[in-house]
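Engineer: Taken in sequence, the protein lines are chains A and B. The numbering of the first sequence is our numbering, which starts it at 3 and goes up by one. The numbering of the second sequence is our numbering, which starts it at 1192 and goes up by one.
Derived from the structure by calculation, the hints contain no laboratory data. All C-beta atoms, glycine included, are put in the ideal place defined by N, C-alpha and C. Please note that the accuracy of each hint is not assured.
Calculated from the model, a selection of chain B residues having no Cβ within reach of chain A, i.e. all distances over 12 Å [to be verified]:
#1 V1246
#2 W1343
#3 W1351
#4 R1452
Facing chain A, from chain B, some residues (calculated, C-beta under 10 Å) [what the hints assert, rightly or not]:
#5 L1261
#6 A1265
#7 T1267
#8 T1349
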Amino acid sequence: MTIDRRTVLASGAALGLLTACGSNTGRDGDGSDGKGPKLSQWYHQYGEAGTEQAVKRYAEAYDKADVSVQWRPGNYDEQTAAALLTKSGPDVFEVNGPTLDQIQGGQVLDLTDLLDGVKDDFNQAVLAPKTYDGRNWAIPQVVDMQLLYYRKSLLADAGRTPPTSLDELVDTAKELTTKKVKGLFLGNDGGAGALGGTPLYAAGLSLVTDEGEVGFDDPAAARALAQLRALYEDRSLLLGAPSDWSDPSAFTQGLTAMQWSGLWALPAVEKALGDDFGVAAFPAAAPGAEPAVPVGAYGSAVSARSAHKQEAKDFVRWLWVEKTGYQRDFALSYGFHIPARLSLAKKADVLTEGPAADAVRFSTGHGYAEPLLWTPASRVAYQDALSRIIKSGANPESELRSVVRKVSAELDRVKKKSS
Amino acid sequence: MRRRERLWRRLAGPQNRNLWFWVFVGPFALGLVVFTYVPLGWSVYLSFFDAHNTVSPTDFVGFDNYTSMLRNDAFTDSLWTFVVFTAFIVPTTFVLSLSLALMVNRMRRAQAFLRSVFFLPAACSYVVAALIWKMSIFNGVRFGLANTVLGWFGAEQTAWLSTTDPPWYWLVIVTVRLWLQAGFYMILFLAGLQRISPTLYEAAAVDGARPGWQVLRHITLPQLRTTSVAVTLLLVINAFQAFDEFYNLLSDARGYPPYARPPLVYLYYTALGQGQNLGLGSAGAVLLALIIAVVAIGQARWFGLGRKED
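Make the full structure from the sequences, and use the hints.
Structural biologist: Rendered as structure tokens:
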């Protein structure tokens, strides 16, 4: 047979086409090593060293399925939201939710039976947003919270004490601002994203009431948000830092005297500053109101499109309900989180002293979790308004009126869907 | 049997030309249909449904998604962002790339070197360039390059991407795009300049035209007309597609600020972000496509694109 140029090119094209048509999701069929079906488990990329190896070790130890862990950098929540539309998404995945639309859309499985007998041992504040219609849609893995870090020495030099009211926070930030160091870092957007609903809770309000109505249709909300504008106008806020609020670098590098960040940052702050720091809740924003700290939890959920639903649920039960040793290791050995199980949190020595103990006290005394009815559309509308109030000096009353209208419409939509 | 052979021969064409045409073009045509036309059609279909977190919806809502998108302040603001961006970036890139081309074209030495130097940024990814601009040059702390330089003159540090009054973020967005694309358009203008016959300049000189502005206005620019039309059209299309540098400069883990949010970024968050409102996002995409089509047709008519004398 003569092989000419055309034959070679045509064969190449045909081969290319065949290759392009192939697909390998890496999980269909039975496992080749006799461990049962293949399951794909997704995690978002944790910053703490060792976490990835740890979750792979847990997966390897499971003997009833061949679990492959995918460690996914980038916009994880958006990746999973899109992947749930397809069959090539994960079987088991951690989720900062699930959202109400994901639950109502039947994208995640009901995991209520996994919590039989142990439901009361889970932190109820973070379990509540994963509960809809009396059923649980994800198993909380660890509790995370945000709080205010402050540099003790800088406050002492300025003759200030940790702020206990929003007015004091504004004054202290202004006092601590110098040419080289800013008073407060709430994120490069001035706090719109990181703070979210925290100033409203610190003003004695809420995002959504227990009755499912807008929780901040109140003049106190506008007053609290106007105070955030004061911080911006005073030039007390650090803006444009190389890393954002979730990373403590700006605080540890001395760019700011106070920073809003997460509990996960505590080991890094301790390593950099020793005992020259303290933590506080977001101070009360109205007379008679309490301070506030947001708490939340990534939960483990099962995709409704999984080819091995029961096996995936069994794995979630094994890892996040039965294997308490792994849960403790995951929460405390790498980053710094509060175990989602109350019994484990009580036994964690590292949470009983110093700033960590303060943080736990804030989370139990002043913690709030974003309600399930606070949908992404409501969050975007509120954050946009908050950004305009802080940075552009928009009128808080009129901005909030517009947000209340949008959130009411959104609440009507999701309630209509559930009825 | 013979009839079948005849049919096959007719389909295959003389010397199997039709057959070879489809062997080479077919896979790409198939890709175009599967990855472009089917999603486009599906998107139009989704735009008439309530499609939260689903691509196979059942709740038909007619034009509701379109009306709510048009009443949505965030969407109309994003269209204004695009208009402001286009109004600025198209003429500045045009003037800068033409100036560079004129300069490089006149150089006797190091022409090839400078051409490469100016073109090189075009090979850089928008994402990488945006991150360099954001983290090294225009970060808001004292050790950012721009703030360090300004600090030598006693200026206060500026939060370039977080300051809305004045809107310094536009400076960052525009400079990164200028750096990335001016070299590419310079090459197009250079090709156009090298196509102009030297006899035209000689004739102009004989007629007493002064070198410089007079020659540029009456000889060079008219001769560059077709290149200029193509460059303008490409610039406007590129401005419509603005996403990468906006997203990487201004977004963070919690979202995107309400300012400088072009339509593609807004639609990304609506349809593909956590919002997952694919019906509303599709309606926005259809509206945007219609706007782009109207602008492109209007621009083509304005420039007389495709007229016989071109």
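Engineer: Each hint should be assessed against the structure and marked as holding or not.
Structural biologist: Structure-based check of each hint:
1. V1246: Violated, since 5 Å does not exceed 12 Å.
2. W1343: holds (15 Å)
3. W1351: Label violated. Min Cβ-Cβ 6 Å, cutoff 12 Å.
4. R1452: Answer for R1452 of chain B: violated, closest chain A Cβ roughly 9 Å.
5. L1261: violated (16 Å)
6. A1265: Given a least distance of 7 Å, the restraint on A1265 of chain B holds.
7. T1267: Result: violated, 13 Å to nearest chain A Cβ.
8. T1349: Hint holds; T1349 of chain B Cβ to chain A Cβ min 8 Å, cut 10 Å.
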